[in-house]
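Respectively, the protein sequence lines represent chains X and G.
For the first sequence, UniProt numbering assigns the number 1 to the initial residue and increments by one for each residue that follows.
For the second sequence, UniProt numbering assigns the number 1 to the initial residue and increments by one for each residue that follows.
Among the hints, erroneous ones may be present.
Same chains, same label: a pair holds when it works inside one copy or across any pair of copies.
DSSO-like, lysine-lysine: derived pairs with alpha carbons at most 30 Å apart [as the list claims (entries may be wrong)]: (1) K459 to K283; (2) K227 to K283; (3) K461 to K227; (4) K461 to K283; (5) K227 to K459; (6) K105 to K283; (7) K105 to K227; (8) K461 to K105; (9) K188 to K227; (10) K105 to K180; (11) K105 to K188; (12) K459 to K188; (13) K461 to K180; (14) K283 to K180; (15) K180 to K459; (16) K461 to K188; (17) K188 to K283.
No wet-lab data here; the hints were simulated from the structure.
There are 2 protein chains.
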Amino acid sequence: MNGAQSLIRTLVDAGVDVCFSNPGTSEMHFVAALDSVPEMRGVLGLAEGVVTGAADGYARIAGRPAATLLHLGPGLGNGLANLHNARRAHTPVVNVVGDHATYHKRFDAPLESDIEAVAGSLNGWVRRSDSTADVGADAAAAVAAAQDAPGRIATLILPADVSWGDGGRPCAPVPPRAPKTVPETTIKSVAEVLRTGEPVALLLGGAACRERALRAASRIAAATGAKPFVETFPSRLERGAGLPAVERLGYLAEQVAYQLDGIRHVVVAGTRPPVSFFAYPGKASDLVPEGAQVHTLAGLDEDVPTALEHLADLVAADVPPVLAQSHRPELPSGDLTAQNWVDVIGALLPEGAIIADEANTSGLLLPGATAGAPRHDVLTLTGGAIGQGMPVATGAAIAAPDRPVINLESDGSALYTIPALWTQARENLNVTTVVLDNRAYAILRMELQRVGAESAGPKAKGLLDLSGPDLDFVRIAEGMGVPATRATTAEELAEQFRRALAEPGPHLIDAMVPPIL
Amino acid sequence: MNGAQSLIRTLVDAGVDVCFSNPGTSEMHFVAALDSVPEMRGVLGLAEGVVTGAADGYARIAGRPAATLLHLGPGLGNGLANLHNARRAHTPVVNVVGDHATYHKRFDAPLESDIEAVAGSLNGWVRRSDSTADVGADAAAAVAAAQDAPGRIATLILPADVSWGDGGRPCAPVPPRAPKTVPETTIKSVAEVLRTGEPVALLLGGAACRERALRAASRIAAATGAKPFVETFPSRLERGAGLPAVERLGYLAEQVAYQLDGIRHVVVAGTRPPVSFFAYPGKASDLVPEGAQVHTLAGLDEDVPTALEHLADLVAADVPPVLAQSHRPELPSGDLTAQNWVDVIGALLPEGAIIADEANTSGLLLPGATAGAPRHDVLTLTGGAIGQGMPVATGAAIAAPDRPVINLESDGSALYTIPALWTQARENLNVTTVVLDNRAYAILRMELQRVGAESAGPKAKGLLDLSGPDLDFVRIAEGMGVPATRATTAEELAEQFRRALAEPGPHLIDAMVPPIL
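Please model the complete structure; the sequences and the hints are all you need to start from.
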């Protein structure tokens, strides 16, 4: 058994049985070894941002990591932005980065580069496998490290000769570090805060955005009057009819200031106190209202759902959660607008949908339109590095082949990782992509004003304009093997969305939605 | 004057007047400042790999750096692979990477990441601008550092508040470090080697791949019998009728062994001794023939053209260079093959063309077919990170608007940075892209055999297969605003290639060329 075979065997035994791959020469033994371990599924991406974003989406839904297969430092570099998003989501990911043979490195061949430096920038776990006999143990350690609470990026650097050498030994799974139990004293002290009667915001993140924790938070809110909020960009938010409807904290500092107006205590559960996404001249970075106290119920590496349930038992013993009623918007008619397209989605969203949300400014009104839709998951842009929606949708669809995946994608974000469409076609994934096509980096037009750069002239505005030439997403999608249509009215969007959901395989709808601003 | 304005003013004064840009919120003041410095041209790329590859292609042709504008660590990450290629080409590039405001960093906002670590992996120059008053001086230092012989990647990290703050002071250009003069003793000792009459290979790289040095090398070869070779992946190779025709060292170790068979001395000029691109089980990494001696005429940071001329004066005083005669292949007919498509290019290549060559396996026979074509430049994949051809062609066309740019692009490499086509359309660049469409990662099929992974089964082969679904490059190009056609015969390719060259603006030809292997 060679090193590559022992690696794949170990990954599969540890529950990692999907490998999103963009290999090169130094990974050819890994590729060859795929056929020796039938349980491992290799999924090809035509660019590394597709591969890493798909691993993120996969793990958010599957609850366990996928592997990626990347070609030396440049391959890791190309995948870095979506690994950044995965890091911010605390998604477990196991990168396998091929490298030159150990004895070849000193020759500084053209593809030689500092892989450790790039991998290290992810603040996760990095190891270089030095010998074939150790690859199995290194792989088991990588899978465990990725899953150590709350989840991280683990990068295993695999020299080509370590991969092709004989003497590989598969290794049994290593248990990851489980979330820590929140001390009872902490829960009691938060209960005291809630009993003061002073205005409290309960900020939920990470695992607190899933049903069990949301129900507990809803009970606490109902009993104490605390206002619950979900963090601005949750990794995976469970919502819809039958689940508590919890408002998300806004993207803009002004929104958050409004949402937290008058709050005296911010109780944080599974996330951190709110900060501004960007800095703006003369505006605060820290979004905790002045004079308010912060109380941490559970940190990122703690068992937040259990802590919330204990807290609910203390302060809301017999109070049930408030659950969203089933309610859908009317199907709108007429030309598409930033206001009406969300109603089409809300009216037609199927049961059990997974929404990969990179609609950005176009999606501002989406939460309201879908709050009473059937139960669904929302996967958001956790790290702010755009180009994440299509890959995340791809990975989510691999993880949940029986669930409809809907990728709401702004045109400005779509081009970074557009080859994800090809992988959707090749794997026949049930992904419906709706491109919100406003022909601009609309969010940057807004930001240009918000940062106080009022003097913007034609050159500046030109850099935020995606027309001239217009991108034709229908042709691009068709070129990658994904059937596509264009919608300019709400009726067309509804008809095309229905059809896309009814037919198996991927579809793309180019929705001509004017800018909201 | 704010920091951004002082930065752009300084760049322009130092000769950097093109900025390939993919900005975000933290770069909005830089974007706004573009209108205050009319000489600076901002060119939008829809993905960072386009931006960094275009900066590489631009500088290879313009002979001076472009700037890039990138959005924090993830933007730099997305651009890293083509910066790796630029690093290997010793291309001067000035990255401006926006970052959070200095006071915002401690909040670890979603886009916070370790920019220095990623930039540092490029072994170039990295500086963070700490105050608005220093931005001008920092920018001047960056431009100089990028141009210090032999050229490198300079990365200036620009916090948002340093950019928007008042008190910017433009700085006069700082002279870069010129190439060092090669000592006369070194030149004389190489002359002695050449006079031994023993078999000598003269390996040319970097600046030695331009006309002046090539003429000197040709004289030396003619007078002494030394065999001249150009390094495998030159940054910019001048060739064609009227210039010395110098064979490139092969990509495969076996080719190099054949080329250097019997050589006793390897004289290195502007590059390093030959090494294998990858390691293979049981094969050597060092491609200097056993027993041969290596002599360095000029290192990367030395004035290699002058050294070659001095050497030629010593050993070939009255010997003229041997120049390629004008000669073109006959236009072929019939179905396209890996053998005949290169003859179409050779037959029709226009005077003064710039070839961005990422044809990979499909381009094996290209050098022979174009050796007698009119004078042209070839820009190659210096760092081995695929996805470089389209961006490099884009940048080259910005640098030389009056020259025809021809991008020979393998299908396997095309998808990484395909949004380059949109920039070509927006800027109306005279780029003719010929996609060599064999529907496979053909080079990896070859490598799978070469690394000794004979056991490859259907899963392994599937990961190297780009069919299912077939990519339709005509639709993809049209979707990005580039007119496109498909050629299946040599006649069609010739007709379409002629038309593309005759019409202004970009064109793409999807050439259905079967795999060579």
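To see whether the hints hold, each was checked on the structure:
no.	hint	verdict
1	K459 to K283	within (27 Å within a copy, 54 Å between copies)
2	K227 to K283	within (24 Å within a copy, 67 Å between copies)
3	K461 to K227	neither (40 Å within a copy, 55 Å between copies)
4	K461 to K283	within (24 Å within a copy, 55 Å between copies)
5	K227 to K459	neither (45 Å within a copy, 52 Å between copies)
6	K105 to K283	between (49 Å within a copy, 14 Å between copies)
7	K105 to K227	between (57 Å within a copy, 28 Å between copies)
8	K461 to K105	between (46 Å within a copy, 28 Å between copies)
9	K188 to K227	within (19 Å within a copy, 83 Å between copies)
10	K105 to K180	between (41 Å within a copy, 28 Å between copies)
11	K105 to K188	neither (57 Å within a copy, 33 Å between copies)
12	K459 to K188	neither (58 Å within a copy, 55 Å between copies)
13	K461 to K180	neither (50 Å within a copy, 44 Å between copies)
14	K283 to K180	neither (36 Å within a copy, 51 Å between copies)
15	K180 to K459	neither (53 Å within a copy, 40 Å between copies)
16	K461 to K188	neither (54 Å within a copy, 59 Å between copies)
17	K188 to K283	neither (35 Å within a copy, 67 Å between copies)
In the structure shown, a violation is registered for the earlier hints numbered 3, 5, 11, 12, 13, 14, 15, 16 and 17, in ascending order.
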